[in-house]
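> The primary structure of each chain is shown beneath.
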Amino acid sequence: MSAIFSRQSWRVVGELGRRSVKQTFRRPQLMAPLIIFPTLLLAIQTGGAGRAVDLPGFPPVESFLAFMLAGAMVQSTLLAGNSGGIALAVDIEMGFTDRLLVAPIPRFSIVLGRLAGTAALGLFTAIWFLAIGFAFGVKFTEGPLGVLVMILLVIGSAVAFGSIGAAIALRSGSASVVQGMFPLLFVILFLSTAFFPQDLLLEPAQTVAEYNPLSFIVDAVRDPVVFAFSAEDMLKGLLGLLVIGGFGTVLAARALQHRLRTGG
Amino acid sequence: MSHGLRVDMSTIRAMIERSRNELLRVPGAAIPGVLAPTIFFLGLTAVFGSLTLLPGFDTQSYQSFLIPVSLMQGAGFTGAATGVNLARDIENGLFDRFLASPAPRWVLLTGLVSSASLRALVPGTFLFIVAMIVGANFPGILGLIVAVVAVMGMGVVAACWGVALALKFKTQSAAPLMQAGMLVLILTTTAYAPQELLTGWLAEVAQINPATQVVEMARQGFVGTVTWSGTWPGIVTLIGLIALLGAWALRGMRRTAY
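Chains as they are written, first to last, in the working numbering: chain A, 1 to 264; chain B, 265 to 522.
What the hints contain is simulated information worked out from the structure, not anything from laboratory work. Remember, it's a predicted structure, so these values are computed and weren't measured experimentally. Glycine included, every Cβ here is placed at the ideal spot set by N, Cα and C. Be aware that a few hints might be false.
Negatives, chain A to chain B, calculated, CB over 12 Å [what the hints assert, rightly or not]:
(1) S9
(2) R11
(3) R18
(4) R27
(5) M31
(6) L40
(7) T97
(8) V102
(9) P104
(10) L130
(11) T141
(12) A175
(13) P213
(14) V243
(15) G246
(16) T249
Taking CB as the label site, the calculated pair distances span [said to hold, decoys possible]:
(17) S176(A) - A278(B): 54 to 60 Å
(18) S174(A) - A364(B): 33 to 39 Å
(19) G320(B) - T207(A): 27 to 33 Å
(20) G14(A) - G357(B): 43 to 49 Å
(21) E355(B) - S174(A): 47 to 53 Å
(22) E355(B) - G14(A): 33 to 39 Å
(23) V398(B) - S174(A): 30 to 36 Å
(24) W465(B) - E62(A): 14 to 20 Å
(25) G464(B) - R11(A): 46 to 52 Å
(26) P104(A) - F433(B): 39 to 45 Å
(27) E62(A) - P368(B): 55 to 61 Å
Using the sequences plus the hints, can you model the full thing?
Spelled out as structure tokens, the structure:
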């Protein structure tokens, strides 16, 4: 237990986190899904479905871009979690994780280091999409405090999705298995309120979106841009993060234990 | 038919058969090209289906409006995969053996892109069945033929693009560029909404993007009736794109030493 709180352990977490950020920036195949793909989709969907704001039942928003920004951010963190999982699986395949396992460092720092890197990428994507919002004239209704809340929620969702990616990587030890999750991420995304208001989604997406934790997170991120703070949405968002992050952490811990017990 | 041409045709046929064997022996390789457009089709229709309520939308069925785009996406991914496969053949030295053979470069290119145009029918058929199940309009026999021509044509365009990039970069790492290029080409059209309902930069880009003509050509039967005036611009565009990208790929092939 004392190992968790020692300064050396956190130094290891920091170093591994820094390594994972560098790794992402050095490999275009890890970086592309994080920034390029969500940005491209944001640009195309904003232009392609921009007139959706005229639909009866669409919440009053300043622009479709303002509405979509939260969806793009959460989409990016979802992909960041997957990319982090792929990178961890590559480390396992190359034997780097084995070397860490025999090093005199706490085991939790291996996963936490990766998640620290994913959190940093979450911060990067939040800033990226906020910059896009500012550049294209989105007015953030809750001002700087709202922007700060958005950034924190985006970092939180990156960590939560990162824990799921890490769990799959640790359990499978295969980058292609984690990569194979990519289409599934889009299923989860389409069945949420990431891109459209829940009332205007078609069935069965409308019903699924109502209970999808991703919808809770997106709505909490969206509030400070489009509407105003809502305690209910914020609590739901935090609950969504807790559910996903908690589930991912338990799975990752069990996968790590399994790997240590069986050696692969 | 002269003897030389007959030999060239048999080489093209052999390359198509090689591609077919690959598909039969590794069916999993076709899954990404089928799965991604299908997920996008089902997801986007569920998300943006209400757009048909906007005045000016030319159909009440978003499935019918979107399916041609997904067909093009499937063809685009499959065609781009030809480029990835060629990059793999370059990396492992197999393509050097093709180049050392007496087959002319244009024959090798024709073999590659012909197989891509046929393979594009795999995701196309699957997507079409899914679209019919979820309620898209049947385009009629003529509409279906036009859609098949558009799918096969887009498969050739994507294959030429993928082959040109594979010959330039000579690595499978160029795969995201091959796929992203096709994705951008297809989605920056009237993919999500009719031209009059597009906003901002996309409205301008869709107007000048040649792929818009191909999407509109494939869409005709699904949302209305097939007309010659709605078909010929798409055919001319496909011929133009194939000539342009085919010439680029052929140039790359001629400049590749073995």
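> Against each hint, give a clear statement of whether it holds in the structure.
For each hint, the structure was consulted:
Even its closest Cβ contact with chain B, about 36 Å, leaves S9(A) beyond 12 Å, as expected for a residue assigned away from the interface. With 12 Å as the threshold on Cβ separation, the claim that R11(A) sits away from chain B holds: the shortest Cβ distance comes to roughly 34 Å. Every CB of chain B is more than 12 Å from the CB of R18(A) (nearest about 24 Å), matching its label as outside the interface. The Cβ of R27(A) does not lie farther than 12 Å from every Cβ of chain B; its closest approach is about 9 Å, which violates its non-interface assignment.
Consistency note on M31(A): stated as away from chain B, yet its beta-carbon is not over 12 Å from all of that chain's, at 10 Å minimum. For L40(A), the requirement that its beta carbon stay farther than 12 Å from each beta carbon of chain B is not met, with the minimum near 7 Å. Every C-beta of chain B lies more than 12 Å from that of T97(A), the closest at about 24 Å, which supports listing it as non-interface. Separation of V102(A) from chain B is adequate, the least Cβ-Cβ distance of about 32 Å exceeding the 12 Å criterion.
Separation of P104(A) from chain B is adequate, the least Cβ-Cβ distance of about 36 Å exceeding the 12 Å criterion. The Cβ of L130(A) lies farther than 12 Å from every Cβ of chain B, with a closest approach of about 19 Å, so its non-interface assignment holds. Every Cβ of chain B is farther than 12 Å from the Cβ of T141(A); the closest lies at roughly 22 Å, confirming the non-interface assignment. Every CB of chain B lies more than 12 Å from the CB of A175(A), the least distance being 14 Å, so the non-interface label holds.
With a least beta-carbon separation of about 18 Å from chain B, P213(A) lies farther than 12 Å from that chain, consistent with its non-interface assignment. Residue placement check: V243(A) keeps its beta carbon more than 12 Å from all beta carbons of chain B (closest about 22 Å). At roughly 27 Å, the least C-beta separation between G246(A) and chain B is larger than 12 Å, which holds for a residue marked as non-interface. Here T249(A) stays apart from chain B, with its beta-carbon at least about 28 Å from theirs, past the 12 Å limit.
A hinted range of 54 to 60 Å for the beta carbons of S176(A) and A278(B) is inconsistent with their spacing of about 31 Å. Against the hinted window of 33 to 39 Å, the Cβ-Cβ separation of S174(A) and A364(B) comes to about 36 Å, which satisfies the hint. One distance hint, 27 to 33 Å for the beta-carbon pair G320(B) and T207(A), holds here, with the actual separation near 29 Å. Distance hint check: the CB atoms of G14(A) and G357(B) are about 44 Å apart, consistent with the given range 43 to 49 Å.
Separation of E355(B) from S174(A) is about 21 Å and departs from the stated range, judged on CB atoms against 47 to 53 Å. For E355(B) and G14(A), the hinted distance range of 33 to 39 Å is satisfied, since their beta carbons lie about 37 Å from each other. A hinted range of 30 to 36 Å holds for the C-beta pair V398(B) and S174(A), which are about 33 Å apart. A hinted range of 14 to 20 Å for the beta carbons of W465(B) and E62(A) is consistent with their spacing of about 18 Å.
At roughly 48 Å, the beta carbons of G464(B) and R11(A) sit within the given window of 46 to 52 Å. Roughly 43 Å separates the CB atoms of P104(A) and F433(B), a value that falls within the hinted 39 to 45 Å. At about 60 Å, the beta-carbon gap between E62(A) and P368(B) stays in the expected band of 55 to 61 Å.
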